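Novice: Top line first, the protein sequences correspond to chains H and U.
Mapping of the first sequence onto the numbering used here: residues 1 to 623, in sequence order.
Mapping of the second sequence onto the numbering used here: residues 624 to 1246, in sequence order.
No wet-lab data here; the hints were simulated from the structure.
Please read all numbers here as calculations on a predicted model, not as lab measurements.
One should not assume that every hint holds.
Listed next, the stretches of chain U that the computed footprint assigns to chain H, with coverage defined by at least 3 CB atoms under 8 Å from CB atoms of chain H [claimed, not checked]:
{"#": "1", "region": "801-810"}
{"#": "2", "region": "928-938"}
{"#": "3", "region": "985-995"}
{"#": "4", "region": "1151-1159"}
Take a look, some chain U residues computed to stay more than 10 Å from chain H by CB distance [said to hold, decoys possible]:
{"#": "5", "residue": "Arg998"}
{"#": "6", "residue": "Pro1141"}
{"#": "7", "residue": "Arg1144"}
{"#": "8", "residue": "Val1148"}
{"#": "9", "residue": "Asp1175"}
Estimated spans, in silico, between C-beta atoms of each pair [said to hold, decoys possible]:
{"#": "10", "chain 1": "H", "residue 1": "Asp46", "chain 2": "U", "residue 2": "Arg698", "range": "30 to 38 Å"}
{"#": "11", "chain 1": "U", "residue 1": "Trp763", "chain 2": "H", "residue 2": "Asp175", "range": "24 to 32 Å"}
{"#": "12", "chain 1": "U", "residue 1": "Ala1133", "chain 2": "H", "residue 2": "Val593", "range": "27 to 35 Å"}
{"#": "13", "chain 1": "H", "residue 1": "Glu168", "chain 2": "U", "residue 2": "Gln696", "range": "34 to 42 Å"}
{"#": "14", "chain 1": "H", "residue 1": "Asp46", "chain 2": "U", "residue 2": "Gln696", "range": "43 to 51 Å"}
{"#": "15", "chain 1": "U", "residue 1": "Thr1173", "chain 2": "H", "residue 2": "Glu168", "range": "22 to 30 Å"}
{"#": "16", "chain 1": "H", "residue 1": "Gln131", "chain 2": "U", "residue 2": "Trp763", "range": "44 to 52 Å"}
{"#": "17", "chain 1": "U", "residue 1": "Asp1007", "chain 2": "H", "residue 2": "Ser581", "range": "58 to 66 Å"}
Virtual Cβ for every residue (Gly too), placed ideally from N, Cα, C.
Protein chains: 2
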Amino acid sequence: MTINEVIDQRLGAPVAPSHGTLRPLGLHEVTLRPGFWHRRQEVNRDNSLAHIERWLTRAGWLGNFSSAPSERQGREFSDSEIYKYLEAVAWQLGHTPDPDLEARYHAIVAQVAAAQQPDGYVNTNFGRPGQEPRYSDLEWGHELYCYGHLIQAAVARARTHGADQLVEVAIRAADHLCAVFGPDGIPSVCGHAEIEPALVELYRVTGNRTYLDQAALFISRRGNQVLSDIEFGRAYFQDDIPVESASILRGHAVRAVYLAAGAVDVAVETGDDTLLDAVVRQWRATVARRTYITGGIGSRHQDEAFGEDFVLPPDRAYSETCAGVGSVMLAWRLLLADGDPAYADLIERTLFNVVATSPSDDGTRFFYTNTLHQRVLGTEPPADQLVPRAASTLRAPWFSVSCCPTNVARTFAGLAAYIATSDDSGVQIHQYAAASVKVGDVALEIETDYPVSGRVVVRIVESPSSPWTLTLRVPHWATEATVDGSPVSPGAARIRRRFAPGDTVVLDLAVRPRLTAPDARIDAVRGCAVIERGPVVYCAESVDLPPGVTVDALRLDATAGLTDLSDGVGVSCHITASADSPWPYGAARSEAVVADGVPVTLRPYHDWASRGPSTMRVWLPLA
Amino acid sequence: MTINEVIDQRLGAPVAPSHGTLRPLGLHEVTLRPGFWHRRQEVNRDNSLAHIERWLTRAGWLGNFSSAPSERQGREFSDSEIYKYLEAVAWQLGHTPDPDLEARYHAIVAQVAAAQQPDGYVNTNFGRPGQEPRYSDLEWGHELYCYGHLIQAAVARARTHGADQLVEVAIRAADHLCAVFGPDGIPSVCGHAEIEPALVELYRVTGNRTYLDQAALFISRRGNQVLSDIEFGRAYFQDDIPVESASILRGHAVRAVYLAAGAVDVAVETGDDTLLDAVVRQWRATVARRTYITGGIGSRHQDEAFGEDFVLPPDRAYSETCAGVGSVMLAWRLLLADGDPAYADLIERTLFNVVATSPSDDGTRFFYTNTLHQRVLGTEPPADQLVPRAASTLRAPWFSVSCCPTNVARTFAGLAAYIATSDDSGVQIHQYAAASVKVGDVALEIETDYPVSGRVVVRIVESPSSPWTLTLRVPHWATEATVDGSPVSPGAARIRRRFAPGDTVVLDLAVRPRLTAPDARIDAVRGCAVIERGPVVYCAESVDLPPGVTVDALRLDATAGLTDLSDGVGVSCHITASADSPWPYGAARSEAVVADGVPVTLRPYHDWASRGPSTMRVWLPLA
């Protein structure tokens, strides 16, 4: 059987489990139509992809595949950015042909292929003269992590196109690593998880069970102290406790969610319910105790890690864009596995408030970290320099560690796949965006300006004559939602009947501003509230305040109500003034209120800092 | 003139400005008597010094001075720990002769001297075969920083003993570096300030103006981007803005206070009031906006740096012990320069709540960082391993970066010098501890069990017959203090009269528990209060709570009053219970109170974690 015979399914979906409650749809089955997400996908295609390729070239990371070892540029994981870019391009080409982009894709793939060693090894940072030996630094070397992204790119290509040179390169690399790290090989794992979900996906594409077995082996090894200890402790790369034994996600946030995604993939393909249950338990605890209001995860700058339970300071919230992407990857796998709408709730929250926050309007600048409280005005990062990953308070064109732009690009390029699923009973709509869905003999048009309003019209275009079920997610915050005028509860609204072309189902999520309070155990935001509207978190920005008023002077008057404005949410605030004391602690004092009833317009957090340097806060102290 | 002719003053004081409002006393002029600080000085002498020398030997850092370059152990700055240890030993020998310790001192000095190059260069990490060249990494290499500590050790020796081999080594090193970094030399500075105050002190010891000029040159160069940019930005090593132009301390906290201390030294010796005023302004702003209730500074783990104004999260407060030591160095210099009791207030707070917190009761384990909120139980660090600097939640015997133990040791060994000063009008007592003071024709006994009580008896033992002024600092929190029964206000209480031997002056600082609230701009502790008693900050520790109650369940009932107990402060708390929600944000909820009126004993923060693993919080949410 040739590769193409196996992978000729062209499923077109980022994740394609062979079992599970829900079946994913491919990019040929769902198409975004103009709206919030479509615009971002267009900007991604029109601007971000070229921007990324320009920087990969300019920073020398692409050139590493053909240059001498002594001339190598970038960090040890820079190869992965080329692979993530190739994955983005593969998904993009999978729904929108583009001969020029196709040609650029082939040129890069040829460069990568030329760098591959005869035994399948490919990495520009190890193993060549003057470099450290292969696999000599599993803790930090990222070699298997890079393979993971190479394989994910190849999976994207295989599922949207079929086998080609990239797929062949990835399969050779996978065969090599399975030989080297197999049951009789190096008994360890990579310091950064990613190879695990990639190998399961390659198994799904090729049917080669070796890849699944290797992924399962990696999952079972980790947590048994197979890596050396490091300053941050082994929890940093989740080598402290076996996946099955852990009760919550911990350590480096991106590593944690990538690993959990791989564990779900292994559990689903091997039928290991104990492993799946363990990840579900960890996910629930993490959402309940270690997740920002935005869906962002990872509060620490030092090690890009989760803090302890309820340690979610808005100041310098790390909330890395890539951790948001990884959280979507994990929640999507769990959603496919067991169908709980809570997973789609978190995906929605994370997409609107982390992933959408990262890129600038024009898709050429990005946030790496996503703080929830910016106290001082930032300065515009230079357009022509690498910016340290987390130093910027404004979006930057590129970073010395530039994982986020390519992660955003691959997510946006394949975003349509997260809108809907199917099962034997019918079709489930998880995310609300204007879109066309065609699955089997069902075709739908989803018409909505969500999240501007909460009105979603599902128009039946084609339908079998027998009854089937249209399932609509009702987000957890939508406590006054209706379907065709009848109240529905948060969760899943199931409409089962005979549908005919032209029928419509109208979901109204009653999107309006609301005031949200934190769990009392989140010390950092005690006495504060946040304003949300639908899935969107709002914030106060200094550019919207009267002259001389800072965001830190605002005290929200929760009794005054919230006003739904065309450009934001109107609130009423007291303005406080504080003079420095020689010592800032003493007998209790009340704050001086210099004005009250001051109207302030809050704006979507995902737009913050798009009008130049600004101070900002999401959590507002209550008056 | 020989060195010994110049330095035979044997002043015995850690800092000895040639000008200033107050004159420091030397270790031959002030002797601690049994009490809070005397006990710590005894433990330092009996246990800590030997503990430190054992670890310096065991970790190989001492051996670096005689071993081959290829066998070098430790971080690039490990030489400095040997020098800080020598400084501690010098102060210790300066008030308490000890032939065995004296012999160990000479043995180490001989090792250092043997490693010095003919041109005066001495550093075990650079310049030898197989190592990077001298001064090839000013940003991170710490060569001048190490010289600084070498010089400080030599200054301690010169002022307590006179010239010896260590003093000669330090002078050769200073002459070398002044030649290399002088007006026509390398136009840069060290990434870690420390050489600046050291050179001024060496000038004060030797009278060699070259050292002062070099220190002034380093101060004037820094802030002009003479170092390369780094990921943390140039503010990390204060190379962002000239010292004279900055409005507040920023960047790496230890670097910031060491640099400011050097700037004060330069300003005082050169009569540069503009520079002095700049540091005073920065100090005031830093105290008002960037200092923890404990006096600790530096809130960030990632870069051991100050946060923005009012970013003082108790969670993972970094509050490095060394930054506390450096803050005392800075405040002491400012106190000598202008006499404001506010400097002594901060010194007291920092000594009781940061420096005293670091070592264990027996002086063989240390905190590197000093968090104000410990949420999870720690595990006892291994007795025989290096511990990463900040990973421990319990005191550890030694760290891979082990700057704090030697900094505590040198501070405790010379602590008596911070008790009192003199000027033309009389004697000033700044810190309250049982002690004997003999300066000129005045001799005093200070009798007190402070901080157990606030009663301080100053007994005149010798006095001239003419009137003079006894000045007693009244701490800013002592709003009900009396002197001989008459109320006095916080600040300086001046008693001017003819004193006769046998006279007493009784200061009563009315030490009793009090409730302290934060500046409303410190978001991280909104709605919380801390209990203080005299200069001591108190905390709740899980080992003092009823079974099953965590520190995070406590809500302080501020209406119930505070009880002064023999072993702590009694408060009344509500105990709350919280169940996880699937999503921890939503409509406002009240907390479930499962018990109220529960008596809880708070204990001094400096003792926390001395009874095994414990969770702890300083700031208690108000009921």
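Novice: Which numbered conditions among the earlier hints are violated in the structure presented, ordered from lowest to highest?
Specialist: 1, 3, 5, 6, 7, 8, 9, 10, 11, 13, 14, 15, 16 and 17
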